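In our numbering, the protein residues as written are 1 to 268.
Hints listed in this document are in silico derivations from the structure and should not be mistaken for laboratory results. Values in this document were obtained by computation on a predicted structure and should not be read as measured data. Be a bit skeptical, because a hint or two may be false.
30 angstroms max Cα-Cα, derived DSSO-like pairs, lysine-lysine [unchecked claim]:
| hint | residue 1 | residue 2 |
| --- | --- | --- |
| 1 | K18 | K206 |
| 2 | K265 | K215 |
| 3 | K101 | K209 |
| 4 | K18 | K242 |
| 5 | K215 | K249 |
| 6 | K18 | K265 |
| 7 | K206 | K265 |
| 8 | K215 | K169 |
| 9 | K249 | K206 |
| 10 | K168 | K215 |
| 11 | K206 | K166 |
| 12 | K166 | K101 |
| 13 | K215 | K101 |
| 14 | K206 | K101 |
| 15 | K201 | K18 |
| 16 | K249 | K209 |
| 17 | K101 | K249 |
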Amino acid sequence: MLTRPQQLGKPVRIIPIKAFTDNYIWTLFSEQETHFSVVDPGDAQAVIAFMEAHELTLDAIFITHHHHDHTGGVQELQQRYGCYVYAPEQGRYPYADVSLKEGDCVSLWDSFYQFEVLEVPGHTMDHIAYYDKANGLLFCGDTLFKAGCGRMFEGTPEQFYHSLEKLKKLPAQTQVYCTHEYTLANLAFAQYIEPDNENIKQLIQKCQKLRQENKITLPSTIECELLTNPFLRCETSNLQNKAAQVLGKINPTPIETFATIRQLKDNF
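Throw the hints in and build the complete structure from the sequences for me.
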């Protein structure tokens with residue numbers, strides 16, 4: 001399925017390759033649309049089938065974090081096609097050509113894409129996101145989902161909260177490309193947390209229709225997430241009141257609220 005988001009800059013072509021049960025491997029095309037790069041290729045065969053079907057050349061791989069469903073296909077693709085591999089500096093990626101940290105920049109195809117690297121620990125400690133300001137694109141792996149966020153496997157609530165705070169400050173129309181089709185499950189939890197949130201109700205109807213038509217629910221936008229994602233709404237009275245009920249204390253901090261809501265989601 002072709003996704004042509006409303007760009008802040010020039011038109012770009014981004015296509016998801018479906019992998020496993022609910023993963024998306026995002027493909028970014030060059031201006032001539034003969035070369036492409038991928039984000040988090042957990043399944044090499046899915047990428048190979050895609051590129052052979054469309055007669056493409058694979059130039060680069062971008063890794064957001066070390067989990068196998070995001071990296072499982074990297075070495076096979078690298079060995080087979082000689083593509084460049086970009087990976088987080090904090091992780092263990094002996095095959096990486098370039099190790100990236102906060103503030104680093106990556107330019108693709110004569111700056112057709114220009115990514116700034118954002119360190120976003122929480123889901124994992126090595127997690128990074130790739131942000132293209134000119135085109136309004138964010139590839140955020142498992143840090144931010146549509147209406148949700150990743151499980152907190154390695155980081156602390158404070159680290160994860162500040163990572164999400166970093167992302168929520170991006171421009172409202174930034175297109176958010178996460179890597180899992182978890183949207184309806186996330187929205188069910190969001191509605192449980194905020195049953196009177198009309199934006200959540202409307203988004204559930206929209207996404208249910210998309211899934212019934214076998215369409216994906218991504219990308220999202222920062223604007224949409226600010227209205228519907230409980231993990232970006234920890235300063236609101238709705239979320240803090242919910243956390244207060246669970247914690248048995250008044251006026252929980254945003255970080256305490258985040259930790260409480262994340263724990264509720266883990267057991268939802």
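- Message: Does K209 sit within 30 angstroms of K101, going by the straight-line distance between their CA atoms?
- Response: Roughly 39 angstroms between the alpha carbons, so the hint for K101 and K209 is violated.
- Message: Next pair to validate is K101 with K249; report whether the Cα-Cα distance is within 30 angstroms.
- Response: Violated - the C-alpha atoms of K249 and K101 are around 38 angstroms apart, more than 30 angstroms.
- Message: Hint check: K201 vs K18, CA-CA at most 30 angstroms. Holds or violated?
- Response: 27 angstroms, holds
- Query: Given the hinted pair K18 and K265, is their alpha-carbon gap at most 30 angstroms?
  - Reply: Given that 30 angstroms is the threshold and the Cα spacing comes to 25 angstroms, the pair holds.
- Item | Proposed proximity, K101 with K206 (alpha carbon, max 30 angstroms) | 37 angstroms, violated
- Message: Hinted pair, alpha-carbon criterion (30 angstroms max): K206, K166. Please report holds or violated.
- Response: 27 angstroms, holds
- Task: With a cut-off of 30 angstroms on the C-alpha distance, tell me whether K265 and K215 pass.
- Result: 25 angstroms, holds
- Is K249 within 30 angstroms of K206, Cα to Cα? 36 angstroms, violated
- Taken at face value, is the distance from the CA of K101 to the CA of K166 at most 30 angstroms? Holds, because 15 angstroms separates the two Cα atoms, which is no more than 30 angstroms.
- Item | Given hint K265 paired with K206 - CA-CA distance at most 30 angstroms | The given pair, whose Cα atoms are some 22 angstroms apart, holds under the 30 angstroms limit.
- Message: Hint check: K249 vs K209, CA-CA at most 30 angstroms. Holds or violated?
- Response: 40 angstroms, violated
- Assess, step by step, whether the Cα of K18 is no farther than 30 angstroms from the Cα of K242, and give holds or violated. With Cα atoms ~36 angstroms apart, K18 and K242 exceed 30 angstroms; violated.
The structure fails to meet hints 3, 4, 5, 9, 13, 14, 16 and 17 from the earlier list, while all remaining hints are met.
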